[in-house]
Amino acid sequence: MKFSDKFEKRFTEMLAHYPTPRSVLVPTLLYAQDEVGYLSDEVIAELANRLSLTELDVRNVISYYSMLTTKPRGKFNVQVCTNIACMLRGGEELMEHCEQKLGIGNKGTTADGVFTLEEVECIGACSWAPAVQVNYDFHENLTPAKLDKVLDECRKRIG
Amino acid sequence: MADLVSHPDEVKVVSKRFGQGAVNIDRYLELDGYKAVQKALTMQPDEIINLVKNSGLRGRGGAGFNTGLKWSFVPKQSAKPKYILCNGDESEPGTCKDRLIFEHDPHAIIEGVMIAGLAVGAQTGYIYVRGEYRYLLEIVQKAIADAYAKGFLGKNIFDSGKTFDIYWHGGAGAYEVGEESALMESLEGKRGIPRIRPPFPAVVGLWGGPTVINNAETLASVPHILLGGAEWYANLGSPKNGGTRLFCLSGNLNKPGVYELPMGYSLKKMIYEVGGGIPNGRKLKGVVPGGSSVAILTADEVNADVAMDFDAMLKAGSMLGSGGVVVLDDTACIVNFALRTIKFYKHESCGWCIPCREGTDWLQKTLIRFHSGGGVKKDIDNMYYLAENMLGRTFCPLGDAAAMPVIAFVKKFRQEFEDHLDGKPCPFAKHSGAQQSPVMA
Ligand SMILES: Cc1cc2nc3c(=O)[nH]c(=O)nc-3n(C[C@H](O)[C@H](O)[C@H](O)COP(=O)(O)O)c2cc1C
Ligand code: SF4
Ligand code: FES
Numbered sequence: 001m002k003f004s005d006k007f008e009k010r011f012t013e014m015l016a017h018y019p020t021p022r023s024v025l026v027p028t029l030l031y032a033q034d035e036v037g038y039l040s041d042e043v044i045a046e047l048a049n050r051l052s053l054t055e056l057d058v059r060n061v062i063s064y065y066s067m068l069t070t071k072p073r074g075k076f077n078v079q080v081c082t083n084i085a086c087m088l089r090g091g092e093e094l095m096e097h098c099e100q101k102l103g104i105g106n107k108g109t110t111a112d113g114v115f116t117l118e119e120v121e122c123i124g125a126c127s128w129a130p131a132v133q134v135n136y137d138f139h140e141n142l143t144p145a146k147l148d149k150v151l152d153e154c155r156k157r158i159g
Numbered sequence: 001m002a003d004l005v006s007h008p009d010e011v012k013v014v015s016k017r018f019g020q021g022a023v024n025i026d027r028y029l030e031l032d033g034y035k036a037v038q039k040a041l042t043m044q045p046d047e048i049i050n051l052v053k054n055s056g057l058r059g060r061g062g063a064g065f066n067t068g069l070k071w072s073f074v075p076k077q078s079a080k081p082k083y084i085l086c087n088g089d090e091s092e093p094g095t096c097k098d099r100l101i102f103e104h105d106p107h108a109i110i111e112g113v114m115i116a117g118l119a120v121g122a123q124t125g126y127i128y129v130r131g132e133y134r135y136l137l138e139i140v141q142k143a144i145a146d147a148y149a150k151g152f153l154g155k156n157i158f159d160s161g162k163t164f165d166i167y168w169h170g171g172a173g174a175y176e177v178g179e180e181s182a183l184m185e186s187l188e189g190k191r192g193i194p195r196i197r198p199p200f201p202a203v204v205g206l207w208g209g210p211t212v213i214n215n216a217e218t219l220a221s222v223p224h225i226l227l228g229g230a231e232w233y234a235n236l237g238s239p240k241n242g243g244t245r246l247f248c249l250s251g252n253l254n255k256p257g258v259y260e261l262p263m264g265y266s267l268k269k270m271i272y273e274v275g276g277g278i279p280n281g282r283k284l285k286g287v288v289p290g291g292s293s294v295a296i297l298t299a300d301e302v303n304a305d306v307a308m309d310f311d312a313m314l315k316a317g318s319m320l321g322s323g324g325v326v327v328l329d330d331t332a333c334i335v336n337f338a339l340r341t342i343k344f345y346k347h348e349s350c351g352w353c354i355p356c357r358e359g360t361d362w363l364q365k366t367l368i369r370f371h372s373g374g375g376v377k378k379d380i381d382n383m384y385y386l387a388e389n390m391l392g393r394t395f396c397p398l399g400d401a402a403a404m405p406v407i408a409f410v411k412k413f414r415q416e417f418e419d420h421l422d423g424k425p426c427p428f429a430k431h432s433g434a435q436q437s438p439v440m441a
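Residue numbers (the working numbering), protein chains in the order written: chain A, 1 to 159; chain B, 1 to 441.
For reference, chain B alone in the conformation it holds in the complex:
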């Protein structure tokens, strides 16, 4: 069980019930549970969609798409059943927030799935939990069973005459399955190879039916929006970035942890105040602000201060991504950090398209050799060139996710790469002793 933390600047919405025993359905009911879905049952579908749209809630899975807008793409009439799919594959390095929601407030996710279903006219929802989170899958199984036992799920929910079913589903270890179309493949019992789009899942998704895929935190935010109103939620955050978000602070910090802060909160304050600053009197080297797939920000960029919302981060040349904020102090080796990053994407690439499959492999081979002292000068430009040529040339965004951080590491920390040249020992750590791979021609 992961430890909870708190800070006075936090605005607790999604995390409001953390540590309150809300896994228990009766306790959840005492804490305003299942009120939002009952409210939704009195509303027209379009009313729900507009409310969520106007709240400025944007997807917490990474891309930051307006949730209400996404729901509005689902066709009203459909010959095939419609589905809601909750994405709990949480695997982006640096990200550990959905885990806390599943652990402390699983009924909020169930309620969010139900409300999404009422909004788009779906009667079935699935909650997909990554395989490593077995204890959370058990919590979800129990929560669903408890909701059925109370008559909140199944036929005639809350005496409305409406039917809604929710089922759990477990993964078995795969980051790529977090990608929405691969997630559907996995749920259908296949390898997680992404599907070509268009058609988008909102039109052709699970078993060919229109499907809304949302991150667990996104769905857990929805009941609060229904009860608090669009304006209240929107005003918590920054323009076009409604509400709050669970930020996962990790790395070289005095007080790492998952904190709920308003969208648009200062990154600098997040690190020096909320996260307690850098330990042992060391200095900040850089921050990866949105999970491992986004461009690193240097200490200067962080100190110039950036607002943590989707638009400001994009303007700063990075992305808000999944909410994982990874902090590096001046003892961290960027080359090794880059190697760890690319090893991950190489391992997780589904292998379907060549730029991603071969690109990550070459980057990994080069970085292993480079970090172990066998680098040559042209490797630096080659890595940059290779990564740049992966961008936008792959079937799904994993290729970009692998390329973007590498481009930023080389561009912003070129000196550190040069310091590893000519067989010099890594200035920060011991040699990995890994075997040498061939130089790229």
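This is chain A alone, in the form it adopts within the complex:
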């Protein structure tokens, strides 16, 4: 199992930050997922081995955190907030708009593997609602038209 040099450097660095190696687990899982796309059996086995944990231990942690996934996702994970502040300013309509535009439901992935759609809870953008996060990028004060632009940009980026 090979991760990038950047990953390895960060991993080694982080281990020195804590009295117990296991403490690196949560952030490391997310970094691994960012590289591989999801937490594959291979990634889980590798991290369990490195941190002297059982695979079950690692899976147990993965299942707790909403950003971690053991299933492949599209290249762009479109996360629409429909929590209270966004709901009041059109978050639910944005979600419906995405469902129609992308032709998928919550947690679905487009057939070409470009987009995954996810309805998420508050992402800390309430004063700039409604908000959507595409991978780690925040898009705020959205309208369906503005969101269309964001999605079109994504498509362009992969050519």
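A couple of the hints might just be wrong.
[As the list claims (entries may be wrong)] According to the in silico footprint, chain B covers these stretches of chain A (three or more CB under 8 Å from chain B):
no. : segment
1   : 24 to 38
2   : 64 to 75
3   : 85 to 92
4   : 147 to 156
[What the hints assert, rightly or not] Listed below are several chain A residues computed to face chain B (Cβ distance under 10 Å; list not exhaustive):
no. : residue
5   : MET14
6   : TYR18
7   : THR54
8   : ASP57
9   : CYS81
10  : ILE104
11  : VAL120
12  : GLN133
13  : ASN135
14  : TYR136
15  : ASP137
16  : GLU140
17  : PRO144
Calculated directly from the structure, the hints in this document are not laboratory data.
On a predicted model such as this, the values are computed, not experimentally measured, just so you know.
Every residue gets a Cβ at the ideal spot worked out from N, C-alpha and C, and that includes glycine.
Starting from the known structure of chain A, arrange chain B with the ligands on it as the hints suggest.
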């Protein structure tokens, strides 16, 4: 990058350096940066604690506990290392303020962690940033590295002979991890299941060592208190509620945004003046004044005017909470709003205890059915009864956080629930079309 706003009534303390380029450490130094920690190095630990105590600074994470007092609970002698843990999990719906501090003034948080460390005799601090805030985690990583490069962190800080280390830590999506004991579990690489208390973290925390857990805004306020003095800070706010606070105005407002206002500021003015009032000539229906977990206030309660401090809000039957002020106009459906609220707590419940796990599930099922037109009259009382019976019967405060808003929605807006009965269409919105769940016996 979130937009900044301003209003003449603002008193900028924590937000003083917003938009000033203070992420850059040299710029931060020009703006009085790292002066407070150098001052703290000349003070006795008890002096620092008393100063913070007397400033009336109360935790900005939600519970509003006096910060200096919290620090004073850490035992002077400890066989195990002591820790400072900065809580940057910011996930309470309606709350988006710590984000701005991380984005514009990360060194203030670092400085706050250091001062807290000097006050309680800790040599290590962790800054935990929620996983969704990846760009902020990168800002924090750089800020920490810059502080090390200048010799502000590490061995012999500011030639004092003292050692202080700060490390960053990232989450991976979990509201419950914002709860202090679950936060420690998460930092230790586990599921965020809360720990039983006592012992409190101040005595037994991270890896068994005494640990101070403070919200990012709380810690970012500390350097200003050290430089400005306890009296100055206390006088900015209202009695027993020192200083200012970042209020996150959201929902149906003309000028939503994060504004720094004195503690005790009028809620009515916050909505009609600072927030620019309700758009499109609509009327105010209610305000959730402290993040999604607190009781809603009706328009009448808001118009009767309440001071936004911890004590006045409690007296008004709600809580100041996390500083998230969510405004609903008369087109918002309370039943749908309640459903959104409870969906969140159902999703975030760690499942450890039954009243929270099952209670949120039943409330969600009932509200889905109710909002989609399948409600029966007794659902209304059942929801109220169920929520009331969750109160105080759970392992951590998430159960209460889920129950309190529901109780208030039913109590204060019963008519809106009744208007949804007998298969009537939602008077405010379209049907959600969600599947129907069974009626509670
Ligand atoms: C379910 C739950 C979630 C919480 N989330 C946060 C949070 O995201 N950020 C935060 O600072 N405090 C949060 N708190 C409060 C913390 O438990 C803790 O009281 C706080 O971090 C202490 O810091 P303070 O005294 O500076 O407010 C949460 C509490 C509960 C019960
Ligand atoms: S109240 Fe809810 S979140 Fe808290 S411990 Fe119990 S189940 Fe977990
Ligand atoms: S409610 Fe959508 S970002 Fe907070």
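Structure-based check of all given hints:
Look at the segment 24 to 38 of chain A against chain B: 6 of its residues bring a Cβ nearer than 8 Å to a Cβ of that chain, three or more, so the hint holds. Counting residues of the segment 64 to 75 of chain A whose beta carbon lies closer than 8 Å to any beta carbon of chain B gives 5, which reaches the threshold of three, so the coverage claim holds. By the rule of at least three residues with a Cβ nearer than 8 Å to a Cβ of chain B, the coverage given for the segment 85 to 92 of chain A holds, with 4 such residues. Restraint check on the segment 147 to 156 of chain A versus chain B: 0 residues with Cβ-Cβ distances below 8 Å, three needed, restraint violated.
Nearest Cβ of chain B to the Cβ of MET14 (chain A): about 8 Å, under the 10 Å cut. The hint holds. A least Cβ separation of about 8 Å between TYR18 (chain A) and chain B falls short of the 10 Å threshold, and the interface hint therefore holds. For THR54 (chain A), the interface hint is violated, the least distance from its beta-carbon to any beta-carbon of chain B being 13 Å, above 10 Å. For ASP57 (chain A), the interface hint holds, since its Cβ comes within 10 Å of a Cβ in chain B; the closest pair sits about 9 Å apart.
Interface restraint check: CYS81 (chain A) against chain B, minimum CB-CB distance 9 Å, threshold 10 Å, status holds. Against a cut-off of 10 Å between C-beta atoms, the interface hint on ILE104 (chain A) is violated, since the closest Cβ of chain B lies about 17 Å away. This hint holds: VAL120 (chain A) has a C-beta 8 Å from the nearest C-beta of chain B, less than the 10 Å allowed. The criterion of a C-beta within 10 Å of any C-beta in chain B is met by GLN133 (chain A), whose closest approach is roughly 6 Å, and the hint holds.
The interface hint given for ASN135 (chain A) is met, as the beta carbon of that residue sits about 9 Å from the closest beta carbon of chain B, less than 10 Å. The interface hint given for TYR136 (chain A) holds, since its Cβ lies 4 Å from the closest Cβ of chain B, which is under the 10 Å cut-off. With its C-beta approaching chain B no nearer than about 8 Å, ASP137 (chain A) sits inside the 10 Å limit, and its interface hint holds. Among the interface hints, the one on GLU140 (chain A) holds; its C-beta lies about 7 Å from the nearest C-beta in chain B, closer than the 10 Å criterion.
For PRO144 (chain A), the interface hint is violated, the least distance from its beta-carbon to any beta-carbon of chain B being 16 Å, above 10 Å.
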